[in-house]
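Which chain is which? The protein sequence lines are A and B, in order. Going by my numbering, the first sequence opens with residue 242, and the numbers climb by one from there. Going by my numbering, the second sequence opens with residue 10, and the numbers climb by one from there.
Since the hints were derived computationally from the structure, they do not count as laboratory data. Model, not experiment: these values are computed from the prediction. Wrong hints could be hidden among the right ones.
As the list claims (entries may be wrong) - Derived DSS-like pairs: lysine-lysine, alpha-carbon spacing no greater than 25 angstroms straight-line:
| no. | chain 1 | residue 1 | chain 2 | residue 2 |
| --- | --- | --- | --- | --- |
| 1 | B | 80 | B | 17 |
| 2 | B | 295 | B | 197 |
| 3 | A | 360 | B | 197 |
| 4 | B | 122 | B | 197 |
| 5 | B | 34 | B | 77 |
| 6 | A | 282 | A | 374 |
| 7 | B | 216 | A | 303 |
| 8 | A | 303 | B | 247 |
| 9 | B | 19 | B | 34 |
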Amino acid sequence: MQVNENTNFEPVIVAFCCNWCSYAGADLSGTNRLNYPTNVKIIRVPCSCRVNPMFILRAFQKGADGVILCGCHPGDCHYTSGNYFTRRRITLLYSMLDFLGIERDRTRLEWVSAAEGAKFAATMQEFTDAVRKLGPNRRLEDLRCRKQ
Amino acid sequence: MQEAMINKAKQLLADGTVNRVIGWKRGEFVYDITPAVFETAEEIDADFVCDDFTAANVSKYLVKESRKEGKILAFLKPCDTYSFNQLVKEHRIVRENVYVVGIPGGPKLDAEKIKAKGITGILGVKNENGTLKIDTLYGEETMPYYEAILGKCETCKSRKHVVYDELLGEEGEVISAEDSGRFDMVEKLENMTAQERYDFWREQLSKCIRCNACRNVCPACTCENCVFDNPASGISNKAAADSFEENMFHIIRAFHVAGRCTDCGECSRVCPQNIPLHLLNRKFIKDINAFYGEYQAGEDTTSRAPLNNYDKDDCEPSIVHERGVE
Ligand code: SF4
Ligand code: SF4
Ligand code: SF4
Ligand code: FES
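Could you put the whole structure together from the sequences, leaning on the hints where they help?
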């Protein structure tokens with residue numbers, strides 16, 4: 242993808258989706274033929290709780306302009322309580338990124354169930370638009386990974 | 010105090026309560042004080058020191074020492090007892106193998122702050138009514154005492170020992186966040202704009218030489234295999250290649266100790282580049298207090314750490330987007 246700073250910048254979005262709800266939600270939005278931006282690259286994880294902070298940082302390093310984490314709604318995690326731990330960790334991590342001056346709109350967490358195909362598509366659209374507005378990730382990028 | 014400690018150590022060695030003592034001894038310079046293990050009364054008489062520069066927390070050494078044969082005596086300042094307790098809680102220290110003697114805390118002094126006044130060749134120091142008299146190779150120098158106080162002691166959180174077998178001196182009190190002012194700088198940063206915060210941290214973190222001293226000294230960092238030593242990570246054993254690696258090291262280091270960091274201040278004390286690492290730890294502590302209720306790591310050995318716990322009504326991460334300055 243040719244990244245042209247100001248005119249037609251297309252962000253790279255990494256979406257970590259838990260296998261049981263959000264990934265199935267993404268699948269459903271596909272089978273329902275709902276469009277969501279091609280900017281979104283989905284990484285499937287067994288549970289939202291599998292995502293450790295390093296994953297999110299590495300995504301930014303490898304070129305993501307925004308990272309979104311999706312999991313089952315609180316109470317619905319297929320491992321009972323995984324997403325409750327996710328919620329605490331990710332709140333603290335996002336707060337720390339904000340503290341370091343990384344734009345807060347580059348990160349998001351959304352609970353998406355297997356039945357919420359429409360919500361998945363809408364969330365991705367909205368998040369992609371928000372990140373597009375912010376422009377390329379410069380504050381948490383690794384120059385060595387930047388595409389020419 | 011040093012006298013009383015030496016006597017106590019010799020007494021406990023003599024009556025067989027312990028077979029080793031962990032304390033401190035001098036290095037090349039008077040202010041160059043490092044933890045050391047003593048096995049005999051003679052060694053103690055020769056080298057044991059505990060003075061204004063004795064700031065090092067010996068708790069982490071007890072992870073290894075408490076697994077050896079016999080009991081070891083450890084002298085712990087109030088702040089050190091929190092680290093000790095936390096390590097007991099995490100099953101890193103074998104409690105039965107340590108005899109803890111609580112000693113009064115600081116304030117301890119920072120030789121760097123004295124040197125920053127252009128005072129060199131330090132041979133000894135004495136506090137006289139708020140004036141620090143410094144004996145040097147080139148004669149006596151003076152400076153205001155409070156200007157030489159170690160950073161972590163300026164914002165001391167507690168003068169109370171949370172664990173001990175015996176106490177030398179008076180017991181103190183926990184100091185409230187308002188009185189210690191330990192979150193003031195974090196708050197100041199929170200009130201800056203994102204750009205200002207970014208600039209502040211770029212300036213600070215770009216000084217990091219990845220010496221790993223902050224991790225090595227940290228009583229919460231006792232992993233046998235640290236992520237930063239993983240040869241497959243691309244970030245082991247080397248300086249940060251760019252700003253991303255600097256940020257990553259500091260975010261992850263601070264995150265790994267979130268909820269377990271007792272705010273002992275050792276990381277900032279040992280950083281050769283004077284990076285205010287405590288601000289990162291305190292940001293996590295402040296957030297944890299605000300989001301999940303007041304919590305002080307190391308205060309007890311039974312409560313669940315905030316990141317090993319949850320509440321069904323916890324706030325959503327979107328709270329980060331809703332509060333503070335953009
Ligand atoms: S992170 Fe720093 S203040 Fe916290 S426990 Fe470790 S050395 Fe002490
Ligand atoms: S930085 Fe993390 S992995 Fe390394 S010793 Fe500290 S807590 Fe363990
Ligand atoms: S002690 Fe300071 S210079 Fe060394 S790795 Fe830690 S932050 Fe970097
Ligand atoms: S399985 Fe979906 S969040 Fe745990």
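Q: Taking the numbered hints from earlier one at a time, note which ones the structure violates and give those numbers from smallest to largest.
A: Those not satisfied come down to hint 3.
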